[in-house]
Structure formats: C-alpha cells, structure tokens
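2 protein chains.
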Amino acid sequence: MNKISKLIGGEEIVKGPKHHIVVSSRVRLARNLTDVPFPGWAKKQDRLRVMELVLPILEQLPQLKDGWAEALDHLTVLEKHVLVERHLISREHAAKNVGSAVVISRDQSVCIMVNEEDHLRMQSLQPGLCLREVYGVIDEIDSNLSDHLPLAFSPKFGFLTACPTNVGTGLRASVMLHLPGMVLSEQINQIIQAVNKLSYAVRGLYGEGTEASGNLFQVSNQTTLGEKETEIVERFEKVINTIIEHEENARLKLMETRPQTVVDQIGRAYGILTSSYILNSREAMNLLSMLILGVDLSFFPKLPRALLDRLFIETQPSHLQNRQNQKLTAEERDELRANIIRDALQKTDRPKIKHELLVRTDKGKKDQEAK
Amino acid sequence: MNKISKLIGGEEIVKGPKHHIVVSSRVRLARNLTDVPFPGWAKKQDRLRVMELVLPILEQLPQLKDGWAEALDHLTVLEKHVLVERHLISREHAAKNVGSAVVISRDQSVCIMVNEEDHLRMQSLQPGLCLREVYGVIDEIDSNLSDHLPLAFSPKFGFLTACPTNVGTGLRASVMLHLPGMVLSEQINQIIQAVNKLSYAVRGLYGEGTEASGNLFQVSNQTTLGEKETEIVERFEKVINTIIEHEENARLKLMETRPQTVVDQIGRAYGILTSSYILNSREAMNLLSMLILGVDLSFFPKLPRALLDRLFIETQPSHLQNRQNQKLTAEERDELRANIIRDALQKTDRPKIKHELLVRTDKGKKDQEAK
Numbered sequence: 001m002n003k004i005s006k007l008i009g010g011e012e013i014v015k016g017p018k019h020h021i022v023v024s025s026r027v028r029l030a031r032n033l034t035d036v037p038f039p040g041w042a043k044k045q046d047r048l049r050v051m052e053l054v055l056p057i058l059e060q061l062p063q064l065k066d067g068w069a070e071a072l073d074h075l076t077v078l079e080k081h082v083l084v085e086r087h088l089i090s091r092e093h094a095a096k097n098v099g100s101a102v103v104i105s106r107d108q109s110v111c112i113m114v115n116e117e118d119h120l121r122m123q124s125l126q127p128g129l130c131l132r133e134v135y136g137v138i139d140e141i142d143s144n145l146s147d148h149l150p151l152a153f154s155p156k157f158g159f160l161t162a163c164p165t166n167v168g169t170g171l172r173a174s175v176m177l178h179l180p181g182m183v184l185s186e187q188i189n190q191i192i193q194a195v196n197k198l199s200y201a202v203r204g205l206y207g208e209g210t211e212a213s214g215n216l217f218q219v220s221n222q223t224t225l226g227e228k229e230t231e232i233v234e235r236f237e238k239v240i241n242t243i244i245e246h247e248e249n250a251r252l253k254l255m256e257t258r259p260q261t262v263v264d265q266i267g268r269a270y271g272i273l274t275s276s277y278i279l280n281s282r283e284a285m286n287l288l289s290m291l292i293l294g295v296d297l298s299f300f301p302k303l304p305r306a307l308l309d310r311l312f313i314e315t316q317p318s319h320l321q322n323r324q325n326q327k328l329t330a331e332e333r334d335e336l337r338a339n340i341i342r343d344a345l346q347k348t349d350r351p352k353i354k355h356e357l358l359v360r361t362d363k364g365k366k367d368q369e370a371k
Numbered sequence: 001m002n003k004i005s006k007l008i009g010g011e012e013i014v015k016g017p018k019h020h021i022v023v024s025s026r027v028r029l030a031r032n033l034t035d036v037p038f039p040g041w042a043k044k045q046d047r048l049r050v051m052e053l054v055l056p057i058l059e060q061l062p063q064l065k066d067g068w069a070e071a072l073d074h075l076t077v078l079e080k081h082v083l084v085e086r087h088l089i090s091r092e093h094a095a096k097n098v099g100s101a102v103v104i105s106r107d108q109s110v111c112i113m114v115n116e117e118d119h120l121r122m123q124s125l126q127p128g129l130c131l132r133e134v135y136g137v138i139d140e141i142d143s144n145l146s147d148h149l150p151l152a153f154s155p156k157f158g159f160l161t162a163c164p165t166n167v168g169t170g171l172r173a174s175v176m177l178h179l180p181g182m183v184l185s186e187q188i189n190q191i192i193q194a195v196n197k198l199s200y201a202v203r204g205l206y207g208e209g210t211e212a213s214g215n216l217f218q219v220s221n222q223t224t225l226g227e228k229e230t231e232i233v234e235r236f237e238k239v240i241n242t243i244i245e246h247e248e249n250a251r252l253k254l255m256e257t258r259p260q261t262v263v264d265q266i267g268r269a270y271g272i273l274t275s276s277y278i279l280n281s282r283e284a285m286n287l288l289s290m291l292i293l294g295v296d297l298s299f300f301p302k303l304p305r306a307l308l309d310r311l312f313i314e315t316q317p318s319h320l321q322n323r324q325n326q327k328l329t330a331e332e333r334d335e336l337r338a339n340i341i342r343d344a345l346q347k348t349d350r351p352k353i354k355h356e357l358l359v360r361t362d363k364g365k366k367d368q369e370a371k
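Chains as they are written, first to last, in the numbering used here: chain B, 1 to 371; chain S, 1 to 371.
Keep in mind that a hint or two might mislead.
All copies of an identical chain are treated as equivalent in the list; a pair is satisfied when it fits inside any one copy or across any two copies.
[Claimed, not checked] DSS-like mimics (lysine-lysine), calculated; alpha carbons at most 27 Å apart, straight line: (1) Lys43 x Lys197; (2) Lys302 x Lys18; (3) Lys327 x Lys354; (4) Lys238 x Lys197; (5) Lys18 x Lys238; (6) Lys228 x Lys253; (7) Lys354 x Lys44; (8) Lys327 x Lys43.
Rather than coming from a laboratory, the hints here were simulated on the basis of the structure.
Turn these sequences into a full structure, and let the hints steer you where they fit.
Below is the structure:
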C-alpha cells in the first residue's frame, strides 16, 4: 500500500463556474519565517527546524483538519510525481528530500509546500473560475498562520521572499484554461502575445518551461508588488474573463464557418481513443481535449465530463505507474494508457451530430442565391 | 441516367486465390492492324476506320457477349475516369475522344481499348492470383481476332507495336498486391529494389508515375521479347509467389514481435473510419488497407472483406462524383467519402483482439526466465 493511495482514490471531480473553459483557479502565497535562512541557503538543521516549527501549526488549521502531511524523504519519487501531476506540488519540490514536506487538505483544495523555494508556499486550488474564493481561503490561512508564526515582512517591500519576483504580496494567481477553439482557429499565439504584453505569463500544463498539451494553458500574474492582493486578483480576473470571451467567440465562429472541421476533429478523437492500443501522453491529452470540447458542444449527451477530467489526470505517466505499483517503460505506459481510455470510453455512445450542422454553408448560400 | 451506370451497379466482388495478398491478376496484349498507321500517327479517318473494322468483330466474340461498347466521344470526362478508377482503361485512354473506343465484357473481366497507344489493347482481369487463367482468356480472344483481322506481325520481331518496349509478344502481365506487412516492417523498398533488378516494374495504384496508396503495389513484367508468352507468365508467377511468401512472413513476424503496433494501427483505422467526417482519398485508402489486414488477421469476424473492397473502389474521386451525378469540390468529396465509409462501417463490430496477443513478448520472456 503506498502512501498516497488514500489521498488520490476515487475523489469526485466537481464542476466549477465557467468550467467549459476554466479548468481550475489557484492562488498561492509565498511566506518565510524571520531569522531562518531561505531554504536555498539553509543548512539541513535549519530546514528541519522550520518543519518542526511549522508542521504542528499547519496541522491544527481548520482548513487542513483530517489532512495529509508527509516529509518528502518519506515519499518515493513516483509518489512525489503523482503529486506534481495533480498540481499539488511543483517539480522543484518533488526533487527535494530531507527537510522538506507537504501538507494537503482532505479535499486537495489546499496544499502547503514546506521548504520549497520559500519556507512556505501555500496554495488554494478549485475547479472553475473562482479566484476570489480561492484567494479568500488562502488569505484566511495566512492570517491564522501569522498569529502563530513570525513571518518575514518589511514595511517597505512587504513580504520577503527568496526570489525578488515574489516580494510584496507573495501572491501568484493562476488559472488553467482549456482553449481548443483558439488553437483550432489559430488565434492562440495572438492571444498569448496580448496577454504577455499585459504582464501575465502563459505556460503549458506543468508550469514554467513546459509545452502546451491538450490545449491547456496556464495563465498567471507576473507582478506581486505595488498593488493590494484583492486588486491583483480582480485585475487578473478581468483578463481571464476577456480570454474566456475570446474562446467562446472562437468556438462559435468555428461552428459557423467550419463545422465539418470541428466535428471531424471531435469524431476522430472519439474514434482513436476508443480503438487505439498505443497512446502516448501528449496524444492522449490532445484527443481528450477534443472530446471535452465535444461534450461542451453537446455532441455526447450521455458522456459525463467528469469521466474525461478523470482520465486526463489518471493517465499521466506517474499516475499509471502508481496504479500498477511498479515502474513502467514508456511502451508499457502507452499501452496501459490506451487500455484504460479504451475501456472507459467504449461503453459510451458515438457523437450525435445534427445533420443541419454539416450542411455546407457555402452550399446553403448558393441555394439561397439560386432562389 | 449516365452511360456507365448499368456497367458499375451492384456487381459482386468475388474472392480469388491468395486474395489476402493478391488483389487482382491481369494480362494484356497489344495488337495492331497491318496497313494502318499506329494511333499516335493516324489521322482521324484512319482511327475511325480501325473502329469500323474492329468493333463489329469484337462485339461478336463469345467473351464479350452482352458486353458494353462505347466510343470515347460519347462518354463524359467523369464517366471515363470511373473506368480508370476501375482499371478498365488507362489514364491515357481516358484523355482520348473521337476515334477511340472501349469494349467491356458484362462481368468486367475482359476489356479492350481501341486506339489507345496501339490499335488494340486487350486485357483480361480477375481477382486473386490467376495469371494463367487470365492469359488463357485473352489468348483465346487473340486467336479468335487473328482469324478475322490482319494483325501486324514480323517473323523476326513478333507482334509490332507503337512503342518498342511492347514488341514481340505485346504481353504485359501485372498483379495488384496488397503489402501492408512489408510496409509496416519497412521491408518494402528492399523488395521493390530486388524485383526491379529482375526486370519487373513496381508501381502505385494507377500505374506508371503514381505513388503507392493503401499499401497497394502493381508489379508487371518489363520485357516482352525473347520468351514465349507462357514462359513470361510462368516466370512472372514465380516472382509473385516469392513476394507473397515475403509478405506472409512479414505479417507473421510483425504479429510475433510487435503485435501491439499492428493491432494499434488496425484499431486506429477502424476508429477513424467509423468516426471521421472528412477523409481524403489517400488517407481513406491507407486506413481501409489496415482494415483489410485486420480482416485477413481474423480481427473482424463479422466484417465482410467484400464490403471493404467495394468501399475502396466506390470512394475514389470519380466514383463519388458519378454517384452524385455532379462535379464535387475536393472538400465535398472528402466529406461524402467520410459519410459513406462511416455509414457502412458503424454497423460493424469493433475489432476483437485476443488478450494473449497483447501480452508483451519481452515480459513473457522475463516471466519465463524468472521461473
């Protein structure tokens, strides 16, 4: 029985607001204790002392009641990577061992990394667009903590952090967006550039330096200084709402001008996912993304979106190996992934496409002109 | 009602010997009349005179009884291309008009082009490997004709033809081979080179200068001089039997060493063909080829091979347009093709793959070693 099995077994995936485009919202705060070197400079003893100070307090927080706390040296590499794939810890944190820890709430909506880049990296994560809510949760935890722990704070700079890009509020808000409409209509690079110009970062599925798979893009704020937390969150939410609007328009326009292409892509995704025997991670994500679009467009009346969300998570490499409780080669993973997805989806119905949708618009025009 | 509708409607596709690899066998003879210029040099009057001389005799041949004869200027471009797609006439012949004709037997197994490159290009075509049989048929027609027509023959060179590569016997034997095993195992170029060295030509689906689609390769003899007809046919048959053996071995080896890859390719083909809404001709052929391999490997117990053979033929561009009785754009054809194939195949079952087949051989080996 591995350590994280009780953490990741069979939880419900809940839909949030604007879930057809916003997979999840997240706010994290970076905090450090006074009088202890930042983790990157701290000796092992210092880091262990931080854990001793911090963990008992974290475990008593109401938001982390019945939660799950583990020192990273007590987890296997595989277990740590399962947490990475769930966006609960960073890839950097997964590389740590003695002197680092993670505390996760029962519903996985709150997760605190101890001795990542900062002493405390605390995040609140929820499905859909709910930035204010997740900020509220993490702000309350932060207030609670500051009552019990001496946090490094400068009246001039605000909260002090290991990296200057986090100084001030220490707040990073981010959302995971599913943007197949803008990818299919080739508007995605344009929107990324526009968002970058507003000083927001756009990254792939696993954060910094990763490529976009499954038409998923993570957008986050870059500046943490000079604005109040609530202002950062509200301004960020406006940008996200603009992107959502663009994605909705892109989908509408695609269905108006090139319904065949969209339907073909969704149909092929269904066909390949239900019939292939080898599926690499990237292809699986891209095809599941198209199927999710199909569900959003009501082509699969009986296919629960939650099943697709779950397949998305559970067919990632470390999840597969954790499921089998053994290391798997890339080939073995690709076969297992195909088997899991095929078995899950073969029971579902083929897409239902209304015939009107596929009548070529240019033909429709010609017919009208002829009258 | 178009001219060829009664020719191509609903005929049965019959299986022949070694049909799992040999789609069809064909022998054609090139013949010319004495005292009339070859068609390329002939004036319109000369060509019409050839037709007048030849057609009444052809129509009385027992092999062409109840057959179908048409002057090319009485056929539309589309109708001529349907005949090309069925390998009944050449692309060159389809470009001709006044002064050229075609005569086709009721079952389409015998077809005679009048005033193609030679005055007479007579072919016998049947499914499976049956070179001697088709040679027998066309030889009998040739004997019959030579009783009624003065054929250009030189005691030194044999039958005279417009192009020197056909002089002598005027005989070209060819077979259409389905070689997915050698393509998947990347042995195809090797075998093509070996066959070329033996002075046989290997071409794509539509003869000279066309690329291979659907893993189909047309092999034919290059030399028509210096051997008796029966020797040409027998030597050619031996070469074909060697290629068949190689293809059978390639399939066996693939299923032994990489069953997952084969099953994945076949599964994906099924998935895409049953769920896509846009399919170009080349992709459709390649996917149908994989499905045919799946039927040959008994993965589709209820899917009749004849249905796939028919889809292969009927989704070619001119067949699609002939079916709709109108010119279609490439986009319209790709959608119609996808619709026809989807409708035909959605009623059939998914591939049935035995679990044993997918147990990784290297794992099997490891298990054995462990004992």
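- Task: Please flag the earlier hints that this structure goes against, numbers listed from lowest up.
- Result: 1, 6, 7, 8
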